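Colleague: If you want the building blocks of each chain, they are given just below.
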Amino acid sequence: MSEVAGVKGSGSRATAAFTIDLDRCIGCHTCTVACQMEKGLAPGLALIPVQTVGGARDVPQGVYPALCLDYVPRPCAQCQSPPCVPACPSEALCRRDDGLVTIDTSLCTGCGDCLPACPYGAIVMDGEGIAHKCDLCASRLDQGLEPACVICCPTRALTTAGGPATDRGWAPSPHLGTDPALRYSTRDAERRERVRSYLESLAALPVSPNPPA
Amino acid sequence: MTTVRTVCTPNCCNTCGLLARVENGRIVKVEPAPFPDLRYTRICLKGLASLERQYHPERLMHPLRRAGARGSGQWDQVSWDVALEEIASRLKDIAARHGARSVAFATLTGSYGLLASNAASRFASVFGGSVPTRGTIMGDSGGNLGMLQALGRVTAHEPEDWANSRFLILWGRNLAETYMNDFRFVLEAREQGARVVAIDPRFTPTAAQCDEWIPIRPGTDTALALGMMQVIIQEGLHDRGFMARHTVAPFLVRTDNGRFLRDEAGLPLAWDLSTAQPRSPGEADSPALTGRYTVEGMACVPAFQKLEDLVAAYPPERAAAITGIPADQIVRLARDYAGTRPAAILLSQGGQRYFHGHQFFRAGVTLAALTGNLGVPGGGASSIFIWPMHSAFDYAGFNFPDGKRYAALPGMMFYDAIAEGRPWPVRAAWFTGYNFVNQAADPNRIIQELFPKLELIVASEQFMTATAQQADYVLPVTTFYESADLVLAYDSLYVQLQQKVVEPLGEARDDVEIFSDLARRMGLGRYFVKTAEEYLSDLLGSGDPLLEGITLERLRREGAARLNLPRPYVPFAGGAFPTASGRVEFYSERLVDIEQELPVHLEPLEGRGSALAVKYPLTFLTAHSRFSANSQHYALPHIAALCPKPLLEISPADAGARAIDDGDAVEVYNDRGRCRVEARVTPGIAPGVLNLHQGWWPRDFAAGSQQSLTQGAVNPDQVFIGEANWAIFDCAVEVRKAEP
Numbered sequence: 001m002s003e004v005a006g007v008k009g010s011g012s013r014a015t016a017a018f019t020i021d022l023d024r025c026i027g028c029h030t031c032t033v034a035c036q037m038e039k040g041l042a043p044g045l046a047l048i049p050v051q052t053v054g055g056a057r058d059v060p061q062g063v064y065p066a067l068c069l070d071y072v073p074r075p076c077a078q079c080q081s082p083p084c085v086p087a088c089p090s091e092a093l094c095r096r097d098d099g100l101v102t103i104d105t106s107l108c109t110g111c112g113d114c115l116p117a118c119p120y121g122a123i124v125m126d127g128e129g130i131a132h133k134c135d136l137c138a139s140r141l142d143q144g145l146e147p148a149c150v151i152c153c154p155t156r157a158l159t160t161a162g163g164p165a166t167d168r169g170w171a172p173s174p175h176l177g178t179d180p181a182l183r184y185s186t187r188d189a190e191r192r193e194r195v196r197s198y199l200e201s202l203a204a205l206p207v208s209p210n211p212p213a
Numbered sequence: 001m002t003t004v005r006t007v008c009t010p011n012c013c014n015t016c017g018l019l020a021r022v023e024n025g026r027i028v029k030v031e032p033a034p035f036p037d038l039r040y041t042r043i044c045l046k047g048l049a050s051l052e053r054q055y056h057p058e059r060l061m062h063p064l065r066r067a068g069a070r071g072s073g074q075w076d077q078v079s080w081d082v083a084l085e086e087i088a089s090r091l092k093d094i095a096a097r098h099g100a101r102s103v104a105f106a107t108l109t110g111s112y113g114l115l116a117s118n119a120a121s122r123f124a125s126v127f128g129g130s131v132p133t134r135g136t137i138m139g140d141s142g143g144n145l146g147m148l149q150a151l152g153r154v155t156a157h158e159p160e161d162w163a164n165s166r167f168l169i170l171w172g173r174n175l176a177e178t179y180m181n182d183f184r185f186v187l188e189a190r191e192q193g194a195r196v197v198a199i200d201p202r203f204t205p206t207a208a209q210c211d212e213w214i215p216i217r218p219g220t221d222t223a224l225a226l227g228m229m230q231v232i233i234q235e236g237l238h239d240r241g242f243m244a245r246h247t248v249a250p251f252l253v254r255t256d257n258g259r260f261l262r263d264e265a266g267l268p269l270a271w272d273l274s275t276a277q278p279r280s281p282g283e284a285d286s287p288a289l290t291g292r293y294t295v296e297g298m299a300c301v302p303a304f305q306k307l308e309d310l311v312a313a314y315p316p317e318r319a320a321a322i323t324g325i326p327a328d329q330i331v332r333l334a335r336d337y338a339g340t341r342p343a344a345i346l347l348s349q350g351g352q353r354y355f356h357g358h359q360f361f362r363a364g365v366t367l368a369a370l371t372g373n374l375g376v377p378g379g380g381a382s383s384i385f386i387w388p389m390h391s392a393f394d395y396a397g398f399n400f401p402d403g404k405r406y407a408a409l410p411g412m413m414f415y416d417a418i419a420e421g422r423p424w425p426v427r428a429a430w431f432t433g434y435n436f437v438n439q440a441a442d443p444n445r446i447i448q449e450l451f452p453k454l455e456l457i458v459a460s461e462q463f464m465t466a467t468a469q470q471a472d473y474v475l476p477v478t479t480f481y482e483s484a485d486l487v488l489a490y491d492s493l494y495v496q497l498q499q500k501v502v503e504p505l506g507e508a509r510d511d512v513e514i515f516s517d518l519a520r521r522m523g524l525g526r527y528f529v530k531t532a533e534e535y536l537s538d539l540l541g542s543g544d545p546l547l548e549g550i551t552l553e554r555l556r557r558e559g560a561a562r563l564n565l566p567r568p569y570v571p572f573a574g575g576a577f578p579t580a581s582g583r584v585e586f587y588s589e590r591l592v593d594i595e596q597e598l599p600v601h602l603e604p605l606e607g608r609g610s611a612l613a614v615k616y617p618l619t620f621l622t623a624h625s626r627f628s629a630n631s632q633h634y635a636l637p638h639i640a641a642l643c644p645k646p647l648l649e650i651s652p653a654d655a656g657a658r659a660i661d662d663g664d665a666v667e668v669y670n671d672r673g674r675c676r677v678e679a680r681v682t683p684g685i686a687p688g689v690l691n692l693h694q695g696w697w698p699r700d701f702a703a704g705s706q707q708s709l710t711q712g713a714v715n716p717d718q719v720f721i722g723e724a725n726w727a728i729f730d731c732a733v734e735v736r737k738a739e740p
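Sequence lines, in order, name chains A and B.
Going by our numbering, the first sequence wraps up at 213, each residue one higher than the last.
Going by our numbering, the second sequence wraps up at 740, each residue one higher than the last.
Some hints here could point you the wrong way.
Derived DSS-like pairs: lysine-lysine, alpha-carbon spacing no greater than 30 Å straight-line [as the list claims (entries may be wrong)]: (1) A:LYS39 to B:LYS29; (2) B:LYS453 to B:LYS404; (3) A:LYS39 to B:LYS404.
Covered stretches of chain B, as calculated for chain A (at least 3 residues, CB under 8 Å) [claimed, not checked]: (4) 29–37; (5) 193–207; (6) 365–379; (7) 672–686.
No lab work stands behind these hints: they were computed from the structure.
All values derive from a computational prediction rather than experimental measurement.
Glycine included, each C-beta is placed from N, C-alpha and C at the ideal position.
Next comes chain A alone, as it looks inside the complex:
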């Protein structure tokens, strides 16, 4: 795999998106904190929360000693048909030509309409009523830099090399019909099923304003 030195390689992309290697994710939350530092977000306000499949942090599933433990970083899925964009009455949310779904927080009025519009629960509201979401560090990408979480990930589980432009990985809950660009990958078929069904169980729930960290 290619190495990250903070500067993106020359490969062009049709649509920017994460591919997240679940077999490399160790649930360390470094991506969460890297994002918070980059975006100046308050503690607890996570644009890329890392969840443990099953809910409680670090608690494995199964019966001792036949256990499994899966971590799922959950950034914005970067939908190609993003329902949050039309839901925003003030045009703070937009889908750029390169496919990135971004938010201009200076235009956010805090109406909160985007939160339930997102079936992935990826938009969060800060204490001052401003909505935030992962935009893959669009401003960094524009400077040729990788997202903050990508350059900080200790195991290089996060890459921006994938997305729908490649065949790697699979999209979370595609039945929601928003055509997410986000991809997860794993070599373990059972893990894939566990994570898929966990994500689908979340999608069936009412959206909470801030997904559990």
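Fit chain B to the known structure of chain A by using the hints.
Modeller: Below, chain B alone, put in the same frame as chain A:
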């Protein structure tokens, strides 16, 4: 905006390089700093959150002098002049009455900077004081005692070499939390087809990314290794050639006294099967590994036969009964390990934190020797310490100016030295980089029994820790963003320069400044005349070829430089071992006196079958988590939002038997103390075992803390070998639902 490369120095071994971005004299952001090999360009959530430590509202800014009783929280802010003048005068007085040796300068790993972690020792040397040894009082040196015995050196394969392994045993090594930036090399090995097995009483985030998890009863790792060896030898899977050439396996052992049979010149002998005569092991055409021989009337057996006899007592069924691992799983593990080359064993700190923890590393090394996995890429039985890193620097020049030497107090004797004056009385203590009360055994004893006997306690600190709270003087010390230093990793071979990024906050001073100033006030100023950078140049100027060309100037330019060694670093390449025999000494003549000539399994002090276990049947672990390097990070807001409180991990079986539900307030207790905490019922911990992550502060608990339960017993066998290690995890407790 300026950017300065520095290093994250708290004790987590990865010592990530950091790029700090500064605006108007304030650090606004940190990023991973580039390494010559980009695989080492890295950071983690703690390094990212380190800005919150740097600018934390509770950072200590000024020297403080105690104004009320110890621990009362009443302080007077004083000037450096007043604080150091008074401390100097009290040190002189204590030295005059009890001898300078009665002042202990205890430094631990709050910072990996060479100056930060050795300035107090240099002062101790010229003052004539004591320095408690570090590796043992932190519980990190038990395994090393055993490894040193067997290999002549405590060392490890360079992490990037793990990727060359075809089979890895992570033996209690929770890399994904404690060496999270090195875990990638294990993942790469696995992606290339290696099988990875985690042996651990806990289903850790590491185990989650392994092919197999083998839960083990705490403190029985040596028994598992013996059981594996029994299978390997019985099935003939061992590497006879390696054992014959590179270990003491062919050395004849006298049955009368357990010593090696030696010729007139004192050299050991083997039995040469080709001539049916004793002969030098290196010259014998066909040295016997097994059998029983008589040489000039003396009955002897090859050392390998002794090992075979020992492991014969550990067939899989017996190893299973001891370890709690099913016998067929032990057999399969043994076959997989012996049948896949190269195979690596990564030995853990956890497994050696029992009363007889030194035996675990000896057993691990013996397994690796038995399968010919020593000295080969992708193999090894690795400690967490990579040896060349620490041998190359001129520590002696810094720590022992003009040949003056502090008195090294065996770490675990620190308690007795204060309480009973053994091996000598300690009457004053100065803590630097060491939150002793928070992190050491039995804080109730420390505060109630030991500290009242100390006439003076000084803490150089950044925060009002549980240790600083008990001090008479608290001196504000700089962070790694505020001073220059050299930083080594424990895992990799890179030397990095910690550069000053911003001016110290408040009146904080670095350790060299503090002790230089104090030395001047005590007539010892001539030993502290250099600047920090001059000392760093001296440390690099050891003349060791490993450091040739690595200068401060180069480090300023490049940030990080790798020692001059071929890569990957593979210790004992070619089968050269720095022991007396030049071979792996899995059999130790020296340890015959304590009946540990071989790595025998010995039950934990407070384990099953001990008298205590009747009353306290659970083993209490205090593992390290990803959220804090020891006691430094839990309180940082972005970390606290992710991990807000300590949780006691308990299995559904143990919880059910005590009517404890997830989320209940529970009390963990034994005769030493108690700790009130919230229960986390999880299948991810073996029945009979509890875990509460170490590093939390007493204020995080309704009562007590994790250390209230731990013990500091000294193992005389370890004293015989070298010195005793803190058996942190050898700790029996019981738990009950807390009274509301």
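Colleague: Does each hint hold? Answer for all of them.
Modeller: Hints and how they fare:
1. A:LYS39 to B:LYS29: This hinted pair holds, its Cα atoms lying about 11 Å apart.
2. B:LYS453 to B:LYS404: The hint holds at about 28 Å.
3. A:LYS39 to B:LYS404: With a Cα-Cα distance of about 53 Å, the restraint between A:LYS39 and B:LYS404 is violated, given a limit of 30 Å.
4. 29–37: holds (count 5)
5. 193–207: Check passed, 4 qualifying residues.
6. 365–379: violated (count 0)
7. 672–686: Per the Cβ count (5), the hint holds.
Hint check: violations occur at hints 3 and 6; the rest are consistent with the structure.
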